[in-house]
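Build the full structure now, drawing on both the sequences and the hints.
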Amino acid sequence: MDNPTRQPWTNHTPHPSTFLWAHELRRENIQLVNQIDTIRADLAAANDTIASLNRSLETLDQRAREETTKLENTLKDLEVRWDTNLRTGIERLDDLEAENRRLRSRLDVLERDCHRCAREQHSMEDGIRERVLDEVRDMLLLERGKLGVGGAAAVAACSAAGSDVLVPDSMPVGSGPGVGFDRRGEGLVSETLSDTTWGTPSLVDEDQQCVGNGEDVEQLGVEVSGDVKQKAAMPKVIQDRASPRQESTKASDTPNPKVELESTNAPPVQRKRQRTRRSIPIVPADEEDERILMEMFRR
1 MDNPTRQPWT NHTPHPSTFL WAHELRRENI QLVNQIDTIR ADLAAANDTI ASLNRSLETL
61 DQRAREETTK LENTLKDLEV RWDTNLRTGI ERLDDLEAEN RRLRSRLDVL ERDCHRCARE
121 QHSMEDGIRE RVLDEVRDML LLERGKLGVG GAAAVAACSA AGSDVLVPDS MPVGSGPGVG
181 FDRRGEGLVS ETLSDTTWGT PSLVDEDQQC VGNGEDVEQL GVEVSGDVKQ KAAMPKVIQD
241 RASPRQESTK ASDTPNPKVE LESTNAPPVQ RKRQRTRRSI PIVPADEEDE RILMEMFRR
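Numbering-wise, the sequence shown is residues 1 to 299 according to full-length UniProt numbering.
Rather than coming from a laboratory, the hints here were simulated on the basis of the structure.
There could be a bad hint or two in this list.
Unchecked claim - Per label pair, the in silico range of CB-to-CB distance:
#: 1; residue 1: 290; residue 2: 109; range: 29 to 37 Å
#: 2; residue 1: 78; residue 2: 109; range: 40 to 48 Å
#: 3; residue 1: 104; residue 2: 295; range: 29 to 37 Å
#: 4; residue 1: 93; residue 2: 126; range: 43 to 51 Å
#: 5; residue 1: 71; residue 2: 38; range: 28 to 36 Å
#: 6; residue 1: 60; residue 2: 37; range: 29 to 37 Å
#: 7; residue 1: 58; residue 2: 85; range: 53 to 61 Å
#: 8; residue 1: 100; residue 2: 74; range: 33 to 41 Å
#: 9; residue 1: 116; residue 2: 93; range: 28 to 36 Å
#: 10; residue 1: 126; residue 2: 87; range: 57 to 65 Å
#: 11; residue 1: 84; residue 2: 115; range: 44 to 52 Å
#: 12; residue 1: 115; residue 2: 290; range: 21 to 29 Å
#: 13; residue 1: 81; residue 2: 103; range: 27 to 35 Å
Values in this document were obtained by computation on a predicted structure and should not be read as measured data.
For each residue, glycine too, the CB sits at the ideal point set by N, CA and C.
Given below as structure tokens:
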């Protein structure tokens with residue numbers, strides 16, 4: 001069947017407007033084709049960008065998973081270390097508390113011992129001071145006593161033998177810092193603080209007497225200090241004692257034929273050696289002596 005709407009081709013001349021529309025349509029067609037090509041290029045670039053972004057996203061996802069794994073492992077290690085350090089710190093704190101309690105108890109014991117030692121030392125110092133004062137008092141009371149026979153015999157024996165051993169009453173006269181004198185003119189009397197001089201039977205005779213006049217101890221101390229001041233005159237006493245021996249020696253140097261003849265006929269007689277009384281100084285006890293005695297008692 002023929003299409004009723006289709007008109008048969010007629011040979012007729014085209015209208016000028018037809019050329020204008022045809023040119024416009026062609027120009028629009030070319031423009032649309034160019035836009036389609038641009039869109040296709042943009043689509044390809046977008047597809048490439050999407051693919052690159054997908055690859056980057058996959059890489060980031062992988063790195064994120066790796067970092068997450070590392071962080072989880074690090075967190076686990078930190079938790080383990082934290083638990084270990086916490087337990088160690090708690091144990092150390094408990095040990096320190098126990099040690100602190102032990103030190104506190106030891107400190108209390110040491111404080112009690114220190115107070116006890118201080119009391120004992122104080123009482124010992126008081127006792128030593130009393131003993132020293134009693135000994136000095138007894139020494140001052142025995143100052144005016146007579147020298148025993150046993151002590152004199154020992155001094156004579158040591159003097160005859162020429163011994164250098166220091167025995168009671170054997171110190172040279174004037175060699176000490178202070179010398180005690182007898183008020184009754186009996187010569188030099190020596191006493192010491194120890195028992196070797198006046199506490200043994202060999203040096204104390206039955207005839208030795210203590211001061212019985214009831215004089216005060218302080219007066220005796222003043223007398224002893226006055227006697228100490230007289231030590232400057234001791235070299236003169238020694239020279240006076242040595243001068244008779246020198247004069248006798250000089251007199252024996254003079255030639256005497258009778259004496260020489262008698263000496264040749266007579267047997268030799270040993271000349272009696274003059275005995276020199278020696279003394280040990282009496283030094284009053286002071287703070288230094290008390291300190292030395294306390295150190296000796298502590299040992």
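- Query: Is it true that residue 78 and residue 109 lie within 40 to 48 Å of each other by Cβ?
  - Reply: 45 Å, holds
- May I ask you to test the hint 57 to 65 Å on the CB atoms belonging to residue 126 and residue 87? 58 Å, holds
- residue 71 and residue 38, beta-carbon distance inside 28 to 36 Å? 47 Å, violated
- Message: Taking 29 to 37 Å as the stated bounds, is the beta-carbon spacing between residue 104 and residue 295 within them?
- Response: 34 Å, holds
- Item | C-beta pair residue 81, residue 103: status relative to the range 27 to 35 Å that was hinted | 31 Å, holds
- Evaluate the given range 21 to 29 Å for the C-beta pair formed by residue 115 and residue 290. Since residue 115 and residue 290 have Cβ atoms about 23 Å apart, the given range 21 to 29 Å holds.
- Task: Could you see if the CB distance from residue 60 to residue 37 stays within 29 to 37 Å?
- Result: 34 Å, holds
- Task: Check the following: the C-beta atoms of residue 290 and residue 109 are separated by a distance inside 29 to 37 Å.
- Result: 31 Å, holds
- Item | 33 to 41 Å as the expected CB spacing between residue 74 and residue 100, which holds or is violated | 37 Å, holds
- Task: Please test the hint of 44 to 52 Å on the beta carbon pair from residue 84 and residue 115.
- Result: 46 Å, holds
- Message: Tell me if the beta carbons of residue 93 and residue 126 are separated by a distance inside 43 to 51 Å.
- Response: Given range 43 to 51 Å: holds, Cβ gap about 49 Å.
- Task: Indicate whether the distance between the beta carbons of residue 116 and residue 93 respects the range 28 to 36 Å.
- Result: 35 Å, holds
When held up to the earlier numbered hints, the structure conflicts with 5 and 7 and fits the remainder.
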